[in-house]
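> Just so you know, the sequences run in chain order A and B.
Here the first sequence stands for residues 280 to 524, numbered as in the numbering used here.
Here the second sequence stands for residues 280 to 524, numbered as in the numbering used here.
Bear in mind the hints are in silico, worked out from the structure with no lab data behind them.
Please note that the accuracy of each hint is not assured.
You can't tell identical chains apart in this list, so a pair holds if it fits in one copy or across any two.
Unchecked claim - DSS-like, lysine-lysine: derived pairs with alpha carbons at most 30 Å apart:
| id | residue 1 | residue 2 |
| --- | --- | --- |
| 1 | K370 | K513 |
| 2 | K354 | K374 |
| 3 | K302 | K426 |
| 4 | K370 | K444 |
| 5 | K370 | K490 |
| 6 | K490 | K354 |
| 7 | K386 | K521 |
| 8 | K348 | K434 |
| 9 | K513 | K354 |
| 10 | K444 | K426 |
| 11 | K426 | K370 |
| 12 | K521 | K374 |
| 13 | K426 | K386 |
Number of protein chains: 2
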Amino acid sequence: MNRYLIEIEYNGAAFNGWQRQDKDSRTVEGELEDAIFSATGERVTVHGSGRTDSGVHAIGQTAHFDLEKDFDAEKIRLAINYYASGDVVVKSSEKVDGDFHARYDVKRKTYLYRLYLTRERRPLLEGYAANCPYPLDVEKMREAAGKLIGEHDFKCMMSVGSSVKTTVRTIYNIDIEEIGEELYVYVTGNGFLYNMVRIIVGTLVDIGRGKLGLGVIDEAFSTGKRELAGPVMKASGLYLYKVEY
Amino acid sequence: MNRYLIEIEYNGAAFNGWQRQDKDSRTVEGELEDAIFSATGERVTVHGSGRTDSGVHAIGQTAHFDLEKDFDAEKIRLAINYYASGDVVVKSSEKVDGDFHARYDVKRKTYLYRLYLTRERRPLLEGYAANCPYPLDVEKMREAAGKLIGEHDFKCMMSVGSSVKTTVRTIYNIDIEEIGEELYVYVTGNGFLYNMVRIIVGTLVDIGRGKLGLGVIDEAFSTGKRELAGPVMKASGLYLYKVEY
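Here chain A stands alone, though its shape is the one from the complex (with noise of 0.2 Å):
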């Protein structure tokens, strides 16, 4: 048995997400499993780092997978590339052990979120950036950010629809980048409860405008009330960006 590790960028458009469903929805697993097929006439189950919404893109996502047969990892990649459509396209491909796992085996995650800041949407932007139209105070933003820094409890920034053993996660860093009309928000940790990330860029975005005060962490964090914090942004502005192991 040979296990291969792959990363991957795609276009969250054009899927109905990572998860293979019926045969009707276009998914990212599905695609995958369907070009791996044609290129090695085996059928694998190919396993994400974490799955992600329709609509979320990827520039840096990463899935295992195992073949009876041995091909060379660079090959392999290749003939992936081939047969899947130019909507997702493997960047890399390496070897690694049978005991090593694409999901339960990542140490630290990140997301970047692009909003872009103009007082109406953009037409080349949408679907790529979420369109902000409200003035932002960017340093209250990073201030705010840095509250979010380190282990907590993140009940109050999840969406219902998942189980999980532990509502508790680590952020390791926060970084607000503005570049040209669009802010850049990379958000690294060691794991995401379901819409975390969309949730926090949407706090960060309701204290930048004003809306909500910095207090309103603290207090999110105490209470556990989803309520206290901000929406969840819309998926088409998130990029899972990187997966680090």
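Start from chain A and add chain B according to the hints.
Showing chain B alone in chain A's frame:
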């Protein structure tokens, strides 16, 4: 009679080009004319600074139209944006003299062509930039660009398909910026022949990858032979960036 000049951004992927065609083709001109009708009750013709082909984007296209009624320029802008789809947005609007013409009065136009220089296609850039998998000598491309500056007969760098009185045009400037994995090529001139920007970029790319030599430009100009210049780059990397009057 009140004449309005508007500046427009649109996502070329959403339209069958600029020019209104039959009922079933969605075009930028048609979308704007329909939105202006919804906003004002007046059926107008929107005169663009020029047509753009299917797939070509615009960051700063301009156009004029006339209304019987006297509307505030900013209010008409907001009303068009209210009725038009999010694939086209009016960024600014002003009243102009009745003898102003969005096409005939153009002094300079700038196009942007985006290339991304990775071995494989990138799903998140496809449709917005053209992939170039070859290593490029950017300094040589800049040298070649220098040879295009000035007044020349660009017959050798146009596609057949539209009748023009003269094929002489003046290029004022070509800027090639390296931005991450991308090249942004800005071309400014007093006017452009059919596919001229896409052929200019195709020629610069072929010179940059060593397929053509620098001498090809003088030879193409002196003989007028289209086959000496490079290929027509694809539409989806092209943006009408700015129109100056």
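> Take the hints in turn and mark each one as holding or not.
We went through each hint and held it up to the structure:
no., hint, verdict
1, K370 x K513, "both (26 Å within a copy, 24 Å between copies)"
2, K354 x K374, "within (12 Å within a copy, 61 Å between copies)"
3, K302 x K426, "neither (44 Å within a copy, 55 Å between copies)"
4, K370 x K444, "neither (33 Å within a copy, 49 Å between copies)"
5, K370 x K490, "between (41 Å within a copy, 27 Å between copies)"
6, K490 x K354, "between (53 Å within a copy, 28 Å between copies)"
7, K386 x K521, "within (11 Å within a copy, 46 Å between copies)"
8, K348 x K434, "neither (44 Å within a copy, 56 Å between copies)"
9, K513 x K354, "between (37 Å within a copy, 29 Å between copies)"
10, K444 x K426, "within (24 Å within a copy, 66 Å between copies)"
11, K426 x K370, "neither (35 Å within a copy, 37 Å between copies)"
12, K521 x K374, "within (19 Å within a copy, 49 Å between copies)"
13, K426 x K386, "within (22 Å within a copy, 53 Å between copies)"
Hint compliance for this structure: hints 3, 4, 8, 11 are not met, and every other hint is.
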